[in-house]
Structure formats: structure tokens, C-alpha cells
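These protein sequences, in sequence, are chains V and Y. In terms of the UniProt record's numbering, the first sequence has 55 at position 55, counting the first letter as 1, and numbering is strictly consecutive. In terms of the UniProt record's numbering, the second sequence has 80 at position 80, counting the first letter as 1, and numbering is strictly consecutive.
Any given hint could be a false lead.
[Claimed, not checked] Keeping only pairs whose Cα atoms sit at most 27 Å apart, straight-line, the calculated DSS-like set for lysine-lysine is:
{"hint": "1", "chain 1": "V", "residue 1": "108", "chain 2": "Y", "residue 2": "146"}
{"hint": "2", "chain 1": "Y", "residue 1": "146", "chain 2": "V", "residue 2": "133"}
{"hint": "3", "chain 1": "V", "residue 1": "160", "chain 2": "V", "residue 2": "239"}
{"hint": "4", "chain 1": "V", "residue 1": "258", "chain 2": "V", "residue 2": "293"}
{"hint": "5", "chain 1": "Y", "residue 1": "138", "chain 2": "V", "residue 2": "239"}
{"hint": "6", "chain 1": "V", "residue 1": "61", "chain 2": "V", "residue 2": "160"}
{"hint": "7", "chain 1": "Y", "residue 1": "219", "chain 2": "V", "residue 2": "75"}
{"hint": "8", "chain 1": "Y", "residue 1": "56", "chain 2": "V", "residue 2": "118"}
{"hint": "9", "chain 1": "V", "residue 1": "184", "chain 2": "V", "residue 2": "239"}
{"hint": "10", "chain 1": "V", "residue 1": "133", "chain 2": "Y", "residue 2": "138"}
{"hint": "11", "chain 1": "Y", "residue 1": "56", "chain 2": "V", "residue 2": "61"}
{"hint": "12", "chain 1": "Y", "residue 1": "215", "chain 2": "V", "residue 2": "75"}
{"hint": "13", "chain 1": "Y", "residue 1": "215", "chain 2": "Y", "residue 2": "146"}
{"hint": "14", "chain 1": "V", "residue 1": "218", "chain 2": "V", "residue 2": "258"}
[Unchecked claim] Footprint (simulated), chain Y over chain V, 3 or more residues, beta carbon under 8 Å:
{"hint": "15", "stretch": "78–84"}
{"hint": "16", "stretch": "106–114"}
Note that these hints are calculated values from the structure, not bench results. Each residue gets a CB set at the ideal place from its N, CA and C atoms; glycine is no exception.
So you can see what is in the structure, the chains are spelled out below.
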Amino acid sequence: MISIQHLSKSYTSKEEIVVGVDDVSLEIQGGEMFGVVGYSGAGKSTLLRCMNILERPTSGKVTVDGIDLMSLSSKELREARQSIGMIFQGFHLAMSKTVVENVSFALKASGVGRIERKERAEELLNLVGLSDKANHYPAQLSGGQKQRVSIARALANNPKVLLCDEATSALDPNTTQSILQLLKKINHELGLTIVLITHEMEVVKEICHRCAVMEDGKVIEEGNTYDIFAAPKHQVTQKFIQTVLDFTIPEVLLEKCKGTIVKMKFTGESAEEAVVSDLLQEHNIRGNILHGKVDYIQEQPLGTFVMELTGDEHEVRQALQSLHTTLAEVEVLKDGRSVGSIMA
Amino acid sequence: MVDQLVQLWPELSNSFLETLIMVGIGLTVALLLGLPLGILLFVTDRELFLENKWVKGGTGVIVNLVRSIPFIILLVFLFPFTDFLLGTTTGPVAASVSLSVAAIPFYARIVESAARDIDRGVIEAAIACGASPWLIIKDMILPEIKPALISGLTITAISLIGFSAMAGTIGGGGIGDLAIRYGYYRYDNFVMFTTVILLIVMVQGIQYMGDIVAKSVKKS
């Protein structure tokens, strides 16, 4: 649906060239929810704004639904933009227009007649659950309601793509959830391709099928959300994952423990099996859980546990061996005998 | 005192009418030409949807040029133009020419600065909707700045009353002319106070009305 090839965007300011996006290539499939994650200044917002030429890339190619956006005349670009909806962190609603007028504006842009505009606007407000606020002004609405209006506006012309620029960053956790559910519903019911950029890993975990991580204008990691969460490769990605799945054990506790402390990651099917209890029985050792959680990402379980293993030194060693063969990731945080040294 | 007032009445009402004509024409022209000019200044600015540094630069220079000439000098400077246009340089209509020329850039700058106050994001959202520049101007920018446009007209009207007094002294007529002729040349304090009071009432009235209208169109 969206194909980005070798896209770069740089700005010239005071004889200095600032690179916003640096040679990014991405393929986003139709009907997919794709997340772009990164710290502020990573270039994710610029990348998103290149997808409807709100910012014109310095070089590279952007194709949306088979149309090369860079080659269009300004009139053709306006038409193409009508099938690319966009919502923003700051909602960007016209304060002098009522809710229904704000939605109608997008319809006006595509030349829809007055009577049809009214019908369609009502239909859209119904979709986002704001039928009763049609004649309110944005100033009378809460943040979540404003974002719903802007979603209705973005969907007005039956777009194929919805671009979300930090759409939930200004909202409280509850409202964020409800907006995410709405996006999920839209994606599901209308088959809309949704690209969203965010610095909140929680958002990606919640709704994105795939995601890309950006740093310094480059995509440093890309893949299925589950895979990224299960095995983040890049340091920045790991940091992001840590914001959602943090398994740091306090130093004091690490020192107190006598046994071998091991961090185990269960992915896919292994998360559903009784790996741990089998292990303890088989090797006749004792296990004490220090930290642990099973997360469901895209309806697949991802479990992380930190355990202290105590018992015969030889048995513990063997248990670790067998863990290595069954699990995706096993990390020994502390060896039972010599504190501080890490053995694989 | 009543006698004096009755005696003065015909001339006073005539002057009042002349001032109204001058301010009215100036204001109308400001609205008709200053508004589009202000919008032009705004939309051709950097990072806006009709960005054009030559148009923006050129228009900006002309606007500043007119605004930097003191009005009394602009009046005299425009005599040949007024003469060419109307065949005369006296009377309120003739004075309206230079008042209009002064009012256009004045109002244009007010419109421009009002438009600048719009959240850029709102305009960006309109662009992302695929709206044409004309639709964005007509249906997004103008409604958003409507209250500011009206209070801007109020400011312009009040400035025009001040300017019209100057225009009056060199043949334009109006209340200012009356005040100078009687008050300054004949030391007739009664006429002078009357005209000053009339001007005060006029300005207060315009401000009051402008505020009411601006408030009534303000939504949200």
C-alpha cells in the first residue's frame, strides 16, 4: 500500500544541513497497522509527513496505493491526499467550526454536495461515537473527543491510508486506550492501512502488526511487533522495550541470592508449556521466581521470568544446558558460585 | 449656549456627514483591498501553502512604503493622483482617496497578523484533507479570524477618524476641519469643545459597536 524507497529529507538552516530522514526504505502492506517508534528528533514525524508530501522529500520515492506522490501536480496531489487521512497530536480542529462543520470541511475539499455532506458527516460522527456532540464547538470537548472528531474528519473521504502523528501522546492512559481501540476497529472494519508514529512502546504493543524503530533519521530495526518485543536487536530498541517490559532486579536482591540467577524468555509455544516445572523435576533443583510476567502481543504470549536456581552445582549447570536448547533466550544474571561473573 | 448650538447645527451636521463619508469610503476600500492584501501577505509567507518570497517580499515592501509616509505628507503627495482620478483635490470624496491609500496597508497588516495567530496545525490539517488554497482561505482562514477582522475594522475606523481630521485641514472638510477653522483660527472654544466631544462620542460609539459585533461572531 505504501512503498518508501531511499527517502531522505534534509533541511538547510544557516549554512548547516540538518538531516531529518536518512535513506529510509519501507514497505507497508494494505490493511496493516504499522508503527514507527523513536525518540523525539529521530525523524519519525518527518517520515510520516513525507507520506502525504506535507513535507517534500529531498530525494527518494513515495508510492501510496500505486501512485508516485512525488510526480504529481499540485492538483493531483490534492486529490491523492483525499485518500490519505491524517490525524495529529494536537488534533488541529478549526475552533470556529462545530464538530459537524469540521468533518464537513474535508468533504467540501473533495467537492461533495451539501446534502450528501450532511449525511456523510453524521454517519462518520456515528462511527466515532460522537453523534450527540455534532453541534458543539471543539473548545467544549475533551481531548479524546477532539481526537475522535479529527479521526472522523480524516476518514471523511473514504481514505485507504490513515497517518497518525503521535495521535495519543496528548491523551491520558484511559483515553489513549479508547482511541487505540477505535483505530483498531477502523482498521478491522474498513480494512484501512494505518501508519502511526509514537514514542510510546505501549501503543505499538497494543495495536501494531509490524513496526520500525528509528534513530538519527534511519530505520535501525524493523519487523513483526512480536519479534521485535521478543528479540530486540538494537540497543535503542531494547531500551524502548524496557519501558514496557522491565525486568531489572534490584542490586541488593542480586547480592542476597545465593543461587544462580537466570533470566528466561519464553516465546510462542514455549510460553504455553510447563517448561519450568519440568526442568525443576528433572534436575532435582529448586527454583524461586524473583520477577516475571507473561505479555500478550498480537495475541501471542511472550513470557519473561527471572529465577533463582539452587541445588547441586552440577545439576544446575545441566539444567541451564537444557534451558538453552528449549528457550529462545536464557541469560545468567549471576553465577551461583562466583558473584559477578557471567557464564553463557 | 443652546443658541450657539442651534447656530452651529447646520455646519456641525454637515461636517459630521463629511467625516462619515471619508471614514466610510476609506473603510470600505480597506475591507475590499486591504483584506485580500493581508491574506496574500499571509499565505505567501515562509512555509505556507502559497509560499512565494518574491510576492511576499514585493507586497511587503509596498505596504511598508505607504505606511512609512506620514499621513499629512501622503495627502499632499497624492494630490496629483486624486486630481487625475476625480478632477478635484477638495471635498470629502477627494480626501477619501488618500485616506483609502493609507487604510489599505494598515488593514492589510492587521489581517496578516490576525491570520498569523491561527494555529498552523489547523491549516496543515486542511492541506492534509486535500483542500485547495482557495477553500482553505475562504472556509478555514477567514472564519477562524472573523472576530479579529471585525476588531481590526474598528481600529482602522478610529484611525481613519484621526486621519480625516488632517485631511480636513487641507480641503477635505469634516469635523476636524470645523475644529481647526473655528477653534484654532477664531479662538472659538465652544465650537472646538463641541467638535472634540463629538469626536469622542464617535470613537466610543464605533469601539462599542465593534466590540459587540466582534463578540457576536466569535464562536467556540
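Satisfaction of hint between residue 239 of chain V and residue 138 of chain Y, Cα-Cα up to 27 Å = violated (48 Å)
Holds or violated: residue 146 of chain Y to residue 133 of chain V, with C-alpha atoms at most 27 Å apart = Satisfied, since the Cα-Cα distance of roughly 23 Å is no more than 27 Å.
Is residue 219 of chain Y close enough to residue 75 of chain V, meaning Cα to Cα at most 27 Å?
-> violated (32 Å)
Okay, the stretch 106–114 of chain V and chain Y, do three or more residues pass the C-beta test at under 8 Å?
-> Result for this restraint: holds, n = 4.
Quick one: see if chain Y covers the stretch 78–84 of chain V, three-plus residues with Cβ-Cβ under 8 Å.
-> That given contact holds, which follows from 6 residues of the stretch 78–84 of chain V lying within Cβ reach (below 8 Å) of chain Y.
Does residue 56 of chain Y pair with residue 118 of chain V here, judged by a C-alpha cut-off of 27 Å?
-> violated (38 Å)
Taking 27 Å as the top limit, are the C-alpha atoms of residue 218 of chain V and residue 258 of chain V close enough?
-> violated (44 Å)
For the pair we were handed, residue 61 of chain V and residue 160 of chain V, check the Cα-Cα distance against 27 Å.
-> Within the cut-off at roughly 19 Å; holds.
Would you mind confirming whether the straight-line C-alpha gap from residue 133 of chain V to residue 138 of chain Y stays at or under 27 Å?
-> holds (25 Å)
Verify the proposed pairing of residue 108 of chain V with residue 146 of chain Y, using a straight-line Cα cut of 27 Å.
-> Given pair residue 108 of chain V, residue 146 of chain Y holds - Cα atoms ~20 Å apart, limit 27 Å.
Residue 258 of chain V paired with residue 293 of chain V [C-alpha distance capped at 27 Å] = With Cα atoms ~23 Å apart, residue 258 of chain V and residue 293 of chain V stay inside 27 Å; holds.
Hint consistency between residue 184 of chain V and residue 239 of chain V [alpha-carbon to alpha-carbon, up to 27 Å] = holds (26 Å)
Hints 3, 5, 7, 8, 11, 12, 14 from the earlier list are contradicted by this structure; the remaining hints agree with it.
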